[in-house]
Amino acid sequence: MTTMHNNQPDNKIMIKLVVGTEAMFFLCLIMAFIYMAYHSGFEPHELNQLDLRTTGIYTLALIASSFTLLLADRCLKKEKMRGLKGWLCLTLLLGATFLFGQGKEYIRLIRGSVTLNGSVFGSSFFTLTGFHGLHVFIGLVILSIILLLAFLGDYDKTVGRGSALSTAAIYWHFVDIVWIVVFAVVYVLPEFTRL
Amino acid sequence: MEELVTIPEPDRPFPGLGVSSNQGLLQWISSVDHKMIGIMYLLVSLLFFLIGGLLALFMRVQLALPLNHFLGPEAYNQFFTMHGTTMIFFVAMPAVFGFSVYFVPLMIGANEMAFPRLNAFGLWLTFFGGLLLYFSFLAGGAPDAGWFNYAPLNEKNYSIGPGIDYYAMGLLISGIGSVVTSVNLIVTILNYRVKGMALHKLPLFVWMVLVNSFLLLAAFPSLNAALAMLLLDRQFNAHFFNTGSGGSALLWQHLFWIFGHPEVYILILPPFGILSEVFQVFSRKPIFGYPFVAASSVAIALLAFGVWAHHMFAVGLGNPVNTFFSASSMLIGIPTGVKVFNWLATMYGGKIRFSVSMLFAIAFLIEFTIGGLSGIAFSIVPIDWQLTDTYYVVAHIHYVFIGGTIFGLLSGLFYWFPKMTGKMLDERAGKWFFWLFVIGFNGTFLVQHALGMLGMPRRVYTYPALPAYGILNFISTAGAFLMGGSVLLLVFIIRRSLKRGREAGDDPWDAYTLEWAAASPPALKNFDTLPVVTGRRPFWDMKLAARKRPLPGDPINAATNPPHTKKTGDDYDAQ
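One line per chain: the protein sequences are A and F, in this order.
If you're matching positions, the first sequence starts at 1 in the working numbering and goes up one per residue.
If you're matching positions, the second sequence starts at 1 in the working numbering and goes up one per residue.
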C-alpha cells in the first residue's frame, strides 16, 4: 500500500462492500415478503402462529451479542486477552441462543403445518428468516475461528490479524441490524396493520 | 519528477509460487497472478463466444427459409436461451473482468490485486458456473425459457426438464464470482494506486471499472435473490412465482429487471472506459472533458436503477408507472450522449491513426448510436407496445451488445494484445477481420429492424412465407455466416500473431497510461519503481521528462532505453 492513500485497511473496505451487497440481497427478500403480503395476502391463521414475545426475547439475545462483541474488540485493543476470550465466548453463546430459538420456532410452525411448500406465507417467511439464520451461522463460524486462534495464543493485535476481529464485527453488526428490520416487518408490523 | 516511489510487493506471499512453469497447465490452474487470471478470463470468454456463436448460426440456419425444419421447436428454444445466457454471462462478463483484472493494477501502478486468491476464486466460479450451465445438455435438456427466464414459464409445471435448475445454479455460482471480483477491484483501486494518482487522475478505464463494480454490487443481489427463490420453487415446491398457487409471475420480472437493466450498463461501462483510452492514444490528444466522462458514468450508474420497468411496458402496470419509466429511460440517454460527444471532440483536430483498435472505436460510435436510438424509440410507450417481442428488439439488443460491448472489447483486444503477449496483433489481417465483421454484423441485424416492424415475433422457431419475410431472413442468415467466418479469422490471426507476430516493444502505440511503462508482457512483478503521478497521462509525463533530461540508467526512458524490468520468456521459468 502506498503512502498517499491513507485509507482503511483492505479487509475493512472489503467487508463494508460485502455488507453493502448483502444489504441489497436482504432488501430484495424483504421487498418480496411485503410484495407477497399485498399481492396474495397471508392467511391470518398462519400469521397468527408467529410468537412475537418469545421471538422478541431471542431478538434481545442477538442484539446483546453485538454489544458483547464490541466489548471483546475493546479488550483486544487494550491487549486484555482474557477479556477478549470471555466476551467472545458470550457473543457466541448469545448467537447460538438466537439460532436455537429460531430452530424451536421452525419446529413449532412446521407442526402447525406452516411449511415452505404449504403456502405463500410459508415460502416468504422461511426464505427470509432462513437466509438470515444462515448468515448468523456463518458469523458464528467466523467468530469461532477467531476464538480458537485466541485460545491457541495465536491471536493478538500485533500480528496483522488484529483487524480480523473488527472486520468480522462489522459483518456481525450487519447481521444483527438485518434481523431488527426483519423482526419489525415480519413480527411487529402485522400487529398494527393487516399484512 | 525526481521522486521515485518503490512499488510494494503484495502483502502476502503467493500460494501458487511453488509451482514452476514447466508444470504447464498446473501453473495456470494454481496461479493467483492477476495477469494470468486476466488471460484465463479472456480465454474462458473466447471459448464460450465460439460456442454461443455456433448456437446462433444453428438458429440462423433454421430461420434462413420459411417453414424450415432444421431445428425443432424444443431445440430452438434451448438454443436461443443458451445463446443469450452464454453471451451475456459467460462471454461479455468474463471479457470485461479479464481486461479489468489484467489492466487495473497495471494502470494504477500496482503489482497485484488487493486479494490475489479471491481473484482466482472469482475466475473459477465464473468458469465452473458456465460448465454447470452447459452440463444441462447432458442432464436432459438445456434451459428453454429465454435468457430472462420469465415466470411462470420457468416453473416446474411448464419446464419439467432440469434445464432451468442448471440455469439457476450456474448463474448463482458465476454471480457470486462476479460479486467477489468486483469487491476485489474496488479495494484494489481505492488502496493500491501509486503515489500522486488521486481519484481525479485515474485513467478513465479504471474510473469506469470503479463505477461499474459498485453498480454490479448493487445489481447482482437482486438476480441472486430471484434465483434462490426460483430454486426453492422448483426444488422444494415453494410458491414465489407459481401463479397457480398464489405466487406472482410479476415478482420475477421486477427482480430480474432490477438486476437486468443495470446489467446492460455493467456490460457497457468498461468498454466505454476502453474507448476513452483508445480515442486519446490514437487521436494524439488527451480526452476532451475528463470530468464529464467520469461524472456521466456515475449518472448512468444511478439512473440505471430507475429504468427497469421499461422492459415491462406491455405488462399493464398502468399509465403513471409507464410514464415515469418512459421519462427516466429517455433521461438515461443523456449521460451516454454526453460521452459520445466527448469522444467526438477528442477526435476533432487530432492526428488520427487508423489502427484496427481505432477502427473498432469509430465503428462503435456509429453502431452504438444506432442501438441507442432504437433504444430511445422503445422508451416511448406506444412504440414499445407495437414493437415489443418482435425482431426489432433483437436488432436493438444486438446493436448495443455487439455494436457497443463487443466492438469496445475488440478495440481493447487490438490495443492491449501487444502488452499482454509482447507481439503485435497482425494489423493488416486485422483490418480484413474488421471489415468482414462489421459488414456481417450489419447484414445480420440491420434487416431485423424491418422484420420487427413487419411484425415478425422473436423466439418462434419458424415463420410463414409472408412477403419480404423470406428474403430479409435470408440476408440476415448470410450476414451471420459472414460474421461467423470473420470470428474464425480472428482466432487464426491471434494464433499466428502469437507464433510469428512482430515484436511489439514496451510501448508500440506511444501511449499515455502506466501499463505501457511495464515490459511487454509484464514481468511477474509489474513495476519496481515509478515516479509520483502528477497528471492524467502519467506515462506520457514520464516520457516528456525523460526527453528533457535523459539520465543514464533512468528507468523511465522506455523509448530509447529498455527499462530494467524488461523480461524475457526465461523470467517466467525463473519465478
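Honestly, the hints are just simulated from the structure, not real lab data.
Treat the hints with care, as some may be off.
[As the list claims (entries may be wrong)] Derived lysine-lysine pairs resembling DSS-like cross-links, with alpha carbons at most 27 Å apart:
| hint | chain 1 | residue 1 | chain 2 | residue 2 |
| --- | --- | --- | --- | --- |
| 1 | F | Lys-201 | F | Lys-285 |
| 2 | F | Lys-525 | F | Lys-499 |
| 3 | F | Lys-201 | A | Lys-12 |
| 4 | F | Lys-285 | A | Lys-12 |
| 5 | A | Lys-12 | F | Lys-525 |
| 6 | A | Lys-16 | F | Lys-195 |
| 7 | F | Lys-201 | F | Lys-525 |
Indices of hints not satisfied (ascending): 4
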